[in-house]
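Protein chains: 6
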Amino acid sequence: MRYISDLNEGDNISDVYLCKYKVQAETRNGKPYFNVILQDKTGTLDAKVWEPNSDGIADFDSMDYIYVFGDVSRYQGALQASLRRIKVARDGEYIPSDYLPVSPFNNDNMYTDLKAVIETVKNPNLNKLLKSFFIEDEEFIKAFRMRSAAKTIHHSFVGGLMQHTLAVTRLCKYYTKAYPALNHDLLISASLLHDIGKVREISGFPQNDYTDDGQLLGHIVMGSEMIAEKARAIPEFPPKLLSELQHCILAHHGEYEFGSPKKPALMEALALNMADNTDAKMETMSEIMSELTVEKKGQWLGYNKLFESNIRKAGDW
Amino acid sequence: MRYISDLNEGDNISDVYLCKYKVQAETRNGKPYFNVILQDKTGTLDAKVWEPNSDGIADFDSMDYIYVFGDVSRYQGALQASLRRIKVARDGEYIPSDYLPVSPFNNDNMYTDLKAVIETVKNPNLNKLLKSFFIEDEEFIKAFRMRSAAKTIHHSFVGGLMQHTLAVTRLCKYYTKAYPALNHDLLISASLLHDIGKVREISGFPQNDYTDDGQLLGHIVMGSEMIAEKARAIPEFPPKLLSELQHCILAHHGEYEFGSPKKPALMEALALNMADNTDAKMETMSEIMSELTVEKKGQWLGYNKLFESNIRKAGDW
Amino acid sequence: MRYISDLNEGDNISDVYLCKYKVQAETRNGKPYFNVILQDKTGTLDAKVWEPNSDGIADFDSMDYIYVFGDVSRYQGALQASLRRIKVARDGEYIPSDYLPVSPFNNDNMYTDLKAVIETVKNPNLNKLLKSFFIEDEEFIKAFRMRSAAKTIHHSFVGGLMQHTLAVTRLCKYYTKAYPALNHDLLISASLLHDIGKVREISGFPQNDYTDDGQLLGHIVMGSEMIAEKARAIPEFPPKLLSELQHCILAHHGEYEFGSPKKPALMEALALNMADNTDAKMETMSEIMSELTVEKKGQWLGYNKLFESNIRKAGDW
Amino acid sequence: MRYISDLNEGDNISDVYLCKYKVQAETRNGKPYFNVILQDKTGTLDAKVWEPNSDGIADFDSMDYIYVFGDVSRYQGALQASLRRIKVARDGEYIPSDYLPVSPFNNDNMYTDLKAVIETVKNPNLNKLLKSFFIEDEEFIKAFRMRSAAKTIHHSFVGGLMQHTLAVTRLCKYYTKAYPALNHDLLISASLLHDIGKVREISGFPQNDYTDDGQLLGHIVMGSEMIAEKARAIPEFPPKLLSELQHCILAHHGEYEFGSPKKPALMEALALNMADNTDAKMETMSEIMSELTVEKKGQWLGYNKLFESNIRKAGDW
Amino acid sequence: MRYISDLNEGDNISDVYLCKYKVQAETRNGKPYFNVILQDKTGTLDAKVWEPNSDGIADFDSMDYIYVFGDVSRYQGALQASLRRIKVARDGEYIPSDYLPVSPFNNDNMYTDLKAVIETVKNPNLNKLLKSFFIEDEEFIKAFRMRSAAKTIHHSFVGGLMQHTLAVTRLCKYYTKAYPALNHDLLISASLLHDIGKVREISGFPQNDYTDDGQLLGHIVMGSEMIAEKARAIPEFPPKLLSELQHCILAHHGEYEFGSPKKPALMEALALNMADNTDAKMETMSEIMSELTVEKKGQWLGYNKLFESNIRKAGDW
Amino acid sequence: MRYISDLNEGDNISDVYLCKYKVQAETRNGKPYFNVILQDKTGTLDAKVWEPNSDGIADFDSMDYIYVFGDVSRYQGALQASLRRIKVARDGEYIPSDYLPVSPFNNDNMYTDLKAVIETVKNPNLNKLLKSFFIEDEEFIKAFRMRSAAKTIHHSFVGGLMQHTLAVTRLCKYYTKAYPALNHDLLISASLLHDIGKVREISGFPQNDYTDDGQLLGHIVMGSEMIAEKARAIPEFPPKLLSELQHCILAHHGEYEFGSPKKPALMEALALNMADNTDAKMETMSEIMSELTVEKKGQWLGYNKLFESNIRKAGDW
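Quick note, the sequences are listed as chains B, Z, Y, G, L and V, same order. This note's numbering applies: residue 725 is where the first sequence begins, and numbers increase by one. This note's numbering applies: residue 725 is where the second sequence begins, and numbers increase by one. This note's numbering applies: residue 725 is where the third sequence begins, and numbers increase by one. This note's numbering applies: residue 725 is where the fourth sequence begins, and numbers increase by one. This note's numbering applies: residue 725 is where the fifth sequence begins, and numbers increase by one. This note's numbering applies: residue 725 is where the sixth sequence begins, and numbers increase by one.
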């Protein structure tokens, strides 16, 4: 396919794109038309459908993958497409990963790594619990592997939730060696499960937006509840172990003002909070730094709200 | 019985008291003895058991109700009892309410009132849910009727949780009239259920202290989970209604720093937060004001940490 | 009259509207014209006076009620009027309530209710004080009945100050029953008087904006001073009662950062603070919810700065 | 007289001291006695009256100046007096300044300086207003000259209020030269009047404690009201000038959290806030530094809550 | 020269201006042109270079002083120049102070004053240290005399750093008289040196922007280090005196959140903090007030972020 | 030697202990005596020298190592020694590590590890800089190896500074693998140097207390300055690299309120901040958890100020 970033003034387009946005408008003289935004993984393109009721224009909605036919011109300095024909594409006629931002890590590999980590959890109850999510619950697995870890800021791509989960878990694994007072199985289980509520908080791609439940309840409380439900189905699961595990989930944002209803009271909860915070901030910074064009490398990038500072890349000494 | 507040130097005591605290100590010359604190609803009394291994001293633990026999003397300005005989009392040999602070409102009456409120909730799912707690779950009912609403500060007496729940619910009832945009059934259900997690957060009297689960998970999250569990047993319960109800519970402290993982997003959640905050503060102030002795009435009572101000009672104009 | 919300492209207008805004501008070729905004209670309309010096155009200023004659066209998607003739309307030629947002409650009824509340205050000094404002001071009464309770956010309509005062007073009345330790007469007097400083803080409609004194001194301090002045004219008014009443006014915002120079030190001051806060927040939410169009009902309304949360209406279960 | 700081074990005392505190107590065997604290400007001394009902013991209360006769012994490392006779002293039999901390500056000189400053205020209305307080109102003048500027921390001595007022006014005078945009007469008037509410907020010596009005209303609001009352008695006093002056008083603490109901909106209010803050902090530090004994000079003095830091004196380089 | 504020529609221009900004753009039909902003001390002027490649257009960059030839027209209500010829001006062909905002105080006079203050510092080590900066280090002197004290807000003009330094030092001089516990030489030295790090933090005019070091290290730390370096070159400089002096620099912002790594622990550090804060705020307010046009004098100027209040000028009573 | 934790009532002691504290006191009848606290690495012991002027009592001061001869008795429940003879011990007569808390890790091994890390820094300037501290500066090395990382809370033992430095550096090493956008040499250098200012901030054992410079300047600023000094002695050290390195030191506390004058602006500064924060918190928690006696293992340990929560150890599942 022809990626949006490669289009030039004067080009014809006849390819499948994701319709990110569609709204009806009216010209000055009252003629209806459509404002449309097309998307692929390289960017977005404004488009107009001047004859929305003409023959070649099928019914379509935002978030549909659509075949579009038209030409590209320049308007007020930016590229813009006029679309003459539109056809909704069917599953299989396009490769979703062409249209969505995806993790730089291979999804299958990440999942294999994650399963390997589960095997290191020897406590039989925790091991069973982890498998009830990551091995046995196919609907959950599918969602978990595809979701982002956030709407924006960091890991906001397909596979982002799994990538973040793995990164946090690896950090926790490192901690268990550096600080032997930690309970390995509790911490690794908590880190693998810490963000599972996000499969209910954020809708799947291409929307990747907060759900109703996400806004009302949040991933912290939903994740804790999901764990309780599955653990209760394991007869011999010790209630106190469940409470400790749920506590780690509830406290993993570390501070009340970040939405945790409890501050870390267990060393494992503290460790999870450190690992989650470290990966969130380091990954955000990594994504900013790796997107830098050459000429931006030595320059200040402006005030960054998350880091409350103007930021720039260090030199290549 | 002879209340602790009525004892004088030189009195004999032979009555049942609650043993609030018991610890073994040693005299300078190495003889073991017991330090004991006796409690009834009027106060506490230090006591010593100088011959812990003598015949008349039965095995007993803290939180037992015990018959004690001994005399009262004065040591370093305070009353103190020397106990010669101790016998553990059996259920029925004492009236617990003699030993514990109790709500000034009759427990049966409050429960009757609460059941009447449930009848005003016409939505069948919410009505069923309320009944599954307050009418059908006997273990829950027993705990709910006996618990305090807090370890200290306000409503820290037997029946306090029910009294607070009723007061908040009545305020919410008032709001539904003053602000008709409120959904009556959702708000009243939320107010009746808002603190039910406290039956797991605070242990029953006489301990009345935070439980392990209370400290790890907190009543907000546990209450939300308890509701989810019962609601899922009602087949037709709309998931979105459940989410809205859980949201009201999660947000009822109003601010992250007070332990709510969500800020009120629904008008009903806001109303519940207002009512809970109002009753907590007004009841605290009421309890302070109604305990004032005559000579304290016109005086400043000193800096109060909760209200961040020196406080005093207004004149009787 | 023809309301602005009923106007269409192509209509002629010849009616009285409030001139909310008027400013002289110049066309590219240097011809002067007027930009004018017309207002009635249903909305606003941009208008142009292309020939400001022609015969039919009388002198007029912003905040005048004016007869306008012209036609309505559409420019850049919005309606716009071209005005050919303008005449200032005299008192009596229009009904102000057609042009201003008004309380949904009848002004006379609210005033009757308020007078009835005053009769429940039995303390003769407080009763006299209330009457010196609400019964005897005609200028004050007129202002109090017409003012809004705020420039924006909540109760920002004619009668809003009285509506808010009544709502707060009714909440306080409810509290006096729920928390008998409260001094009824002190609390009800304080609630009736708590916002009277707003008649000096916010100018009358149609301006409804902060006055110079409002910005320099604020309604809290001005209200307290107004009460002191009238109370000193009642010879037997006890100075300590006056101090307690003024304290309730000064502390009714509850926190320093909300402009109260004192935190509540009396139970009545605390109660007034709770009631004021409850009505301010609940009324704001009510106004948002009752303005919702049908299609907005189930949707999230976006981040609300006051409530620090995205908000939405609960379902109609 | 013999100052408390000069007393030794074994001394007889027969002098007038201020009775700072008096309370009845009981010995172990039930005999009543008095615990008394004697004070002069050099310190305090614990004393006992073992025979409170003996002939030579006249009626006396705390805050009385009393002749005491007895001897000094040492108990648990500290000096203690046993008093055999007590007689209430009459005005004229003692010099109050021997018993109270006093400003290091001569009271008459400060008052003369203050009157001279008033003469530099040329605006006739402000000049009249200042004189109505500082020249004509004898009761006010007496209180103003004797009061402290604070219960503790800084200027907590007789004359402290006047000393602080002068120091702030002199700083403001300096500002009028350094920043010519300031209105001299408004600023100097505001600085002279900024703390006059303290004559109602803090009771006179020897109590020097917060009054009921002080706690309910505070010196900021009371001072503003006192100014309004006197200004209204000057017929031609411009209301807007009064509002600006009151604003300076209301805003002089600079921040809501320090009890100002308004933030400085006028340059003069800002200047007054800067001057008040500077003198309060610098005088506090001065008092700490000038009390240092020789051996303390190079040492750290421990964490100081006001300055949120461990503090020490700089070297004498 | 013809100042920008004096230009009118239709004028020809042929004068030297500072090119504040230059960027290449493209017309709709793809023709390149330059957008340029010209600046002098009276304001800025938008300009277009429609034929950037024509003969008369020399190479130039932003921050160059350039001769421009063209005419002034009006576009969308604002003046705009079309430039036909451009030539880079050489040093000497223009007077920089015509193009840059400059302190209202004469630079030489300020420097003379500053040298006079140094003579009042009698401690030989401090005196030597001050001279090593302000008398002997020519590069430093040149920068110090030309720099602003801030990028925006206050003293953001040529000579601003020296003007602010002098104002703070004079305030400190005043304090040494009002609070004799202060060490004069330490305080005056600290005030003279407190902002010297700004010569490395902010680049010289016309850029007047934060440097790389300024953003990474800040003027507080750099100033402290500069002092340490020069002091170490004075053999007998007492290390403890150096630490006290560096402390004053480090603590002069007074609070951690304003970038001070230490809170004032010495009275001299506190005094410097008070003086710096006073001059920063008073000068900011002065600059706002002195720029007021006549018609703005009685009006509210809108919410000011620094002062967290709507502000206005007091009346001329 | 006989450790303090092994002493019992009735024992004789004749061993070297560290005299942690010594102060002269007086018995009731005026006889002078010494209160002394003896310390070894297992704890402290109160001791009295009743005959301070007797022959066998040599001159000694607090922080001396002293031979003491006497007996142990029990007073008010605690052990106490009466000392008859005291002699100051000389270097070599005792092993300091018997008296001071020491890191659980071997000092030589840690130093060897640290030197190995330096070899992984390939940038020649950074490598030289690190060696100028850790290989070449013997006085620095000695202090660095012996110092604690804090007065209390965590790593407050001999070798603590090196142990913390290594732990932070290893975390950073891990980060360089997990987040390849990091500059390895800059980050590892910064982590090795981040707390070197503590050798000037905290005095050596046994005092282990804040120095004068520590309180005035702090380890952050002093460390930054120490780096600058050594780097300037390396002729080709790039100034911009030095600024980036100093920035990492200055920003490593992450927030202004924790004493950092800059927030992290470079990814390496952010990483160092994460690692420092993680090790400080995890090590604190580790030290608390590893000190738990068996019976404390399942129990809540009470509110912990640092973690703002009641804490307990997780179960051994």
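These aren't lab readings, by the way, just hints derived from the structure by calculation. Each hint should be verified, as a subset may be incorrect.
Note that the list lumps identical chains together, so a pair holds whenever it fits in one copy or between two copies.
Claimed, not checked - Derived DSS-like pairs: lysine-lysine, alpha-carbon spacing no greater than 25 angstroms straight-line:
no.	residue 1	residue 2
1	Lys839	Lys901
2	Lys875	Lys1029
3	Lys964	Lys855
4	Lys964	Lys746
5	Lys1005	Lys765
6	Lys866	Lys1020
7	Lys746	Lys1021
8	Lys1020	Lys746
9	Lys1005	Lys897
10	Lys811	Lys744
11	Lys866	Lys901
12	Lys852	Lys744
13	Lys1020	Lys964
14	Lys811	Lys855
15	Lys1021	Lys772
16	Lys839	Lys1029
17	Lys755	Lys1029
18	Lys755	Lys1021
19	Lys875	Lys755
20	Lys901	Lys1020
21	Lys772	Lys746
22	Lys964	Lys846
23	Lys901	Lys744
For each hint, the structure was consulted:
1. Lys839 to Lys901: both (20 angstroms within a copy, 22 angstroms between copies)
2. Lys875 to Lys1029: Close inside one copy (16 angstroms) and across copies (20 angstroms); limit 25 angstroms.
3. Lys964 to Lys855: within (20 angstroms within a copy, 29 angstroms between copies)
4. Lys964 to Lys746: neither (51 angstroms within a copy, 27 angstroms between copies)
5. Lys1005 to Lys765: Only inside one copy: lysine 1005 and lysine 765 sit 24 angstroms apart there, 41 angstroms across copies, limit 25 angstroms.
6. Lys866 to Lys1020: For lysine 866 and lysine 1020, the Cα distance exceeds 25 angstroms both inside one copy (38 angstroms) and across copies (32 angstroms).
7. Lys746 to Lys1021: between (37 angstroms within a copy, 21 angstroms between copies)
8. Lys1020 to Lys746: Answer is between; shortest inter-copy Cα gap is 18 angstroms, intra-copy 34 angstroms.
9. Lys1005 to Lys897: both (19 angstroms within a copy, 17 angstroms between copies)
10. Lys811 to Lys744: within (15 angstroms within a copy, 50 angstroms between copies)
11. Lys866 to Lys901: neither (32 angstroms within a copy, 29 angstroms between copies)
12. Lys852 to Lys744: Cα proximity of lysine 852 and lysine 744: none, with 40 angstroms in one copy and 43 angstroms across.
13. Lys1020 to Lys964: between (53 angstroms within a copy, 17 angstroms between copies)
14. Lys811 to Lys855: Classified as neither: same-chain Cα gap 42 angstroms, cross-chain 54 angstroms, threshold 25 angstroms.
15. Lys1021 to Lys772: neither (37 angstroms within a copy, 30 angstroms between copies)
16. Lys839 to Lys1029: neither (36 angstroms within a copy, 39 angstroms between copies)
17. Lys755 to Lys1029: Neither, since 43 angstroms and 38 angstroms both go past 25 angstroms.
18. Lys755 to Lys1021: This pair counts as neither: shortest intra-copy Cα distance 48 angstroms, inter-copy 30 angstroms.
19. Lys875 to Lys755: For lysine 875 and lysine 755, the Cα distance exceeds 25 angstroms both inside one copy (36 angstroms) and across copies (41 angstroms).
20. Lys901 to Lys1020: between (39 angstroms within a copy, 24 angstroms between copies)
21. Lys772 to Lys746: within (10 angstroms within a copy, 34 angstroms between copies)
22. Lys964 to Lys846: within (18 angstroms within a copy, 38 angstroms between copies)
23. Lys901 to Lys744: So lysine 901 and lysine 744 fail the 25 angstroms test inside a copy (46 angstroms) and across (36 angstroms) alike.
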